[in-house]
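S.K.: Here's the letter readout for the chains.
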Amino acid sequence: MLYFSRTKIITVIFFTSIFICLTLTNFIKIDDNLFKKKINLGLDLQGGSYLLLEIDNQPVITQKLQNKLTSLRKYFKENNITYKNLKIVATNLISFELKDDQAESFYSLLESKDNDNLINPYYQRFKSHEYDVNFSENIFNLKFSKYGLVELKKSSLNQALEIVRRRIDEVGTNEPNILRRGSDRILVELPGLDDPERIKSLLGKTANLTFRFVSQENESSFGSEKLFSVDDDEELIVSKRIILSGENLVDAQPRMDNQSNETVVSFTLDRVGAKRFGKATTSGIGKRLAIVLDGEIISAPVVRDAIVSGSGQISGDFTFQSATDLSLLLRSGALPAPMNIIEERTVGPGLGKDSINAGILALIIGFSLVIIFMFYKYRFFGLIANIALIINLFLLIGVLTLFEATLTLPGIAGIILTVGMAVDANVLIFERIKEETKIEKNNIIAFDSGYTRSRTAVIDANITTLISAVILFFLGSGPVKGFSVTLGVGIFTTMFSVYYIARLLTSFYVNKNKNKESLI
Amino acid sequence: MDDYKINLKNYNLEKKSKYNFNKYLKFFNLISIALVIISIILLFFKGLNFGVDFKGGTLIELRATDKQITISQLRQSFLNMNLGDVNIKEFGKNDDYLIKFEKKEDNNPNLINEIKKDLTKSVGEGFNFRRVENVGPKVSSELLKSGIIAIALSLTAMLIYIWIRFEWQFSIGAILALFHDVFLTLGIFSLFNLEINLSIVAAILTIVGYSMNDTVVIYDRVRENLRKFSDIKIFDLTNLSINETLSRTIITSVTTLLALVSIYIFGGEILRGFSLAMILGVIFGTYSSMYIANSVLIKLKVSQKTILKEEDKN
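Protein chains in written order, with numbering that gives the first Met the number 0: chain W, 0 to 519; chain H, 0 to 313.
These aren't lab readings, by the way, just hints derived from the structure by calculation. Ideal Cβ placement from N, Cα and C applies to all residues, glycine included. Some clues are possibly wrong.
[Unchecked claim] Examples of chain H residues lying across from chain W (beta carbon under 7 Å, computed):
| no. | residue |
| --- | --- |
| 1 | Lys54 |
| 2 | Lys137 |
| 3 | Leu152 |
For reference, chain H alone in the conformation it holds in the complex (with noise of 0.2 Å):
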């Protein structure tokens, strides 16, 4: 990439910025809004593969220590059993199962032993159930309701947050990033089946703040420049605020994600799934914050003026 110069001739200082991220910035800015249409597209008309935390029903870890059990001797036996529709598929290790179905009768507290004595009558006692999970479709969609309220007030919160350490046009780029950042997450999950559960809110919403957190140093950044320099566009100035603290951004993410890979390598299958939309937060919230966060000032055109006016007020 070529050095960019800004002229600066009315300060004594030299600032160079590295990079021009902003080259690019039409074309970024394209490519997030297809993204995010095809993300919703997706949610609209795939749907999300939800688990038994929001959509009811029977959950089996089962680990079989009898080698000789097989991935269709089990579903065979399960088919057996009139469950209804029966999901059976490895997990992890080669003899670890995970067995999912809607129950179809409720409130029968011996449903699992019925089951663990069916299954003993046709494989054998060579297996154990490792995880049972049972939710009752009133858990659950109460669990998905106060997830989508986890997640919408904790954007209003953010909304806010940032409304009142800066101005209205950071909130709104702040907010729009964020939004951006947690349909592609969604519209991956959506598009791949991977399953929603209780764990990916809790990621969706640390996602939520990671990404908040990338936004906010730029934006420190950009403030702090728009007092030092009034005759450089606000164009030009987002992308030496980019350039600035472009380091940080970098080595902040590095030193996240290598945490969560961790997690999503060693952490077990019961995290993979939390740490796998992690990992996909990190990336999109970095990009977020350099692409489009910046871009809605650009658009706002903020001035020196937009924050000299607030601090008169004070």
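For reference, chain W alone in the conformation it holds in the complex (with noise of 0.2 Å):
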């Protein structure tokens, strides 16, 4: 165990000298692809939030029912099948009764696998309809399958993704984060973000933009809805068809208005909505047009000439910055659904700051302890262990350089902790060399049995500590994680250290004194 060959001394000063320039790298500017590498500083330890969000995807469903209810309205209507009692269910069930002639060729049409079924569409990777049907004594129930959902919830986590990045791009801030989690969920790291409000507000929002006119009837219909009109302080009747959506936006932006003073946003609509605009307002002077952001009316000015420019501006009580945000808003788009902000962590760059500090602090205090106490108990070797452990050091950071991982604040703990675990594997080892050189006069065939005889409990003692971070790994979140990452590098850099650098250097000494009398 105590023979190194000239090619592994290089090839062990060769690595470390590597992961020592990486490690410096951290402190000082190099320009080189490998050496332009650094540590990433966690959310807690530079600052920043931890957002994440959850769909609400059940808005989604009841529209995409609606939407089928109306399609197979229109199907029934053209193929002059005779419907009865088609309505939605329990917000997630479409139901129907057919006469007896139609229904069984309708049901083999629900059934069909082709490609040009367009009423319930065939997956042909899942092998599953979009709809469950249930069809019993001329009555049909539709459900969404279990991979229909899957393809909505997909869809829609695309989209709002889509969104979420674009809002966030809008507000400008540094080197967001934008993960999908789970079918249903999206997290979003900002680091260095001090005040997260505005951007929880925007992305709270759903941003769904309608302008309709302000129905003549004093009570809700049909084909009407009450709403409530922040502008008037006061609750509309609504019409709820549909003059113009945000989709008919192209741009929008934040304007001081000059004849009255106020702040408004204009917007410019692309050619449909111009052409659609044009058209209510030329047949609608006179009424109101309420527009309308995520059931709520935001003004609902009177029609007084037509306009056909294809572009306007919506009036409001807006301040220049609740201005900004609703263009912001409404150029970057709607949202599918609804999101929640369920998870939020948020870290001032102050405690930031204070928690790099705290921790490089506990690192140094931990490290000079460890080496005083080594080199007391082992004065020579204790020398040893120290060089090894010094390296050690370097490598774990090298390594964490090298893979630009992320350090976190029990990112920081875990590499103090190694520290203090790391002299264990070098303590086993000289304390079986103590033992072995009460037996064996010969010291090189005392310290080699020393070292052999010692290496099943390194190993067994080591992989306990891997089995616990990789299970931390997988199974932590956040900093947890980053804690996690230097406990495990921690792991493979201290049996680098111990078998290649301590080793050498126990190697060197011992040929040198190998007559010495207790040596350790």
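These two chains come separately, so use the hints to put the complex back together.
M.R.: Take a look at the structure:
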């Protein structure tokens, strides 16, 4: 165990120096691709916000069922099929009844696996239809199948991801991290953001904008609904017929209105929107046009002239900030479904800095204490263990730099803990050598068997810690994951520093002093 | 303590066990059993003080830059906000406070902003929020579940690992020692009402790894001695093995504790609970490797045959 070939020595020195350089590049700037790498600081150290958003898919499901209902009605009409009791039951089921002779054939149509089955599309890769059909006694019950829901969630998650990205880009934060999590969640990490409140309120809005006429009636009926108007502070009856929606907008900007000295949001419509808006305003002069955002009326101005230019403005009780936010939301588009922030963790930059300082202080003190203790206990071999420990620390930080790992506060704790536990391997070996020297007078043989006989204990002991770290890596979240990374990487660097660095140094020393008594 | 000698006349070497650890084995076993039972009773009847990670709710770390702000002022202002049961305590430095409450209404993205505004009205602008954590009920129950799974999984993994590396008797001893450490640590957290959060779960997993590490080193020696000496009873043999590995056990515990104590003292308020759990775990782990893990081997009457049988098979 004590023999090292020359090539092995050179390899060890080479790798060690590379990792020491990698560690140092965190503090010095070098223009080289390998040495440009840096450890990322976690949100808890550099400050920032972690938001977990969950999409509420129920409105999308309701909307889809509503659309399906309409298309079924249309299909029945076109094909002269008589239907009864076509309705949505309990928010997730479409139910209807057909006549005997038509029911069977319609059922086989629903169950068809052809590509042109538009009523109940068949997903080849899932081997499943969009809807599960329950058919008995001429009554049909249609419900989203498992894979139908999967598809629906996937598409609304993709859309939402895009919109979230656009909204955050518009605000212009530093290197945001936007990731999907599971089937209906989005993780947003915003490093360096001191006050996430604006982004939170922007992400919390669906931003579903519609232009609809205020109804002349006094009571809401089938084609209209009662909505609260923020501007008038009262409820208005608004028609359900949508003149224009947010999708028709190509641009929106906050602006100061010269005449009224109010802040307004001016918008530009696409071609289709401009045409429809022109038509509606021409025929609706004198009527009030309600501008509805997420179920609330922002304002309901009276149409004075036909607007055919394809641009207009929304007035309301805006401050410049709220007008800026509204235009941002309109520019980036509406979310397919409402989203809730189900987890938020924000660390201010002050606390992050304090945590770094405290972590580094604890590291320096813990490290020094361990080094002093080892030197006191083993003298010369303590020195060897300490050199291995210092190199171990460089290797650990070097590996983290190489993989551009994220360092968190518990991660720093993991490094300090590694320092405390890393000496264990050397202690095991040294203690074993001490025992061996009692029975074997030849130093080289004693040291050699000390290394050999302690090996199973060293490896077993480190694998147990590694198991904990791996489990923590897969099941832990956020900062705790950072801890498992440093702890796990620490075990490998410890093994290297103990079996290559410390053993190399020991072998030099023992070979030089093989005839001395009581080396350790 | 008396020098404790084992008769080794069949071997040409003098083996000495300096300390007779097993003299107090029964006594310590009883104490351990009592402590584990007390911990389980505490966990059942008093329960654990779960933080927002596992209970859901909101946590705000507030720093008062205006020295005039007092904790009672803060308490009064938060009481007026109708947030339900609000818990406010000092945190580390004199002017830092930790405010915790379980949110009543869900999904208000402006909650923190509203609190900030209300607070400015009542105590002025001399404060800032250093940290805000807001965990919904769904997420907190998921986190709790994955925490429990992680601990259960690590215990199982250790059980299997020791089973593969040693014999089943050893793996039972090791796992009982681990249960002992985990329950005692949780028992102390329950007794002193210390907060359990995500980092405590990380600490417990590390304790599992560390305690195992300690047990494995002693077991490794027990196995080696079992091979060497056929006529030493397991009772004396475990004692011999503990003695032989004692200085390593002490040195490693000391260096690990040095590192942990420096995290506890200098690493800041956030790491305090984590490092405390680890310190407790290292102490319990060291003790249990010596007194729990080995007494299982004694109870199960492990002998040279136990390991030789296995080696014959290979």
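S.K.: A separate judgement is required for each hint: does it hold in the structure or not?
M.R.: Hint by hint, here is what the structure shows:
At its closest, the beta carbon of H/Lys54 sits 13 Å from a beta carbon of chain W; the interface hint therefore is violated under the 7 Å criterion. Hint status for H/Lys137 relative to chain W: holds, with the closest Cβ pair at about 6 Å, below 7 Å. Taking 7 Å as the C-beta cut-off, the interface hint given for H/Leu152 holds, the closest approach to chain W being about 5 Å.
Checked against the numbered hints given earlier, this structure breaks only hint 1.
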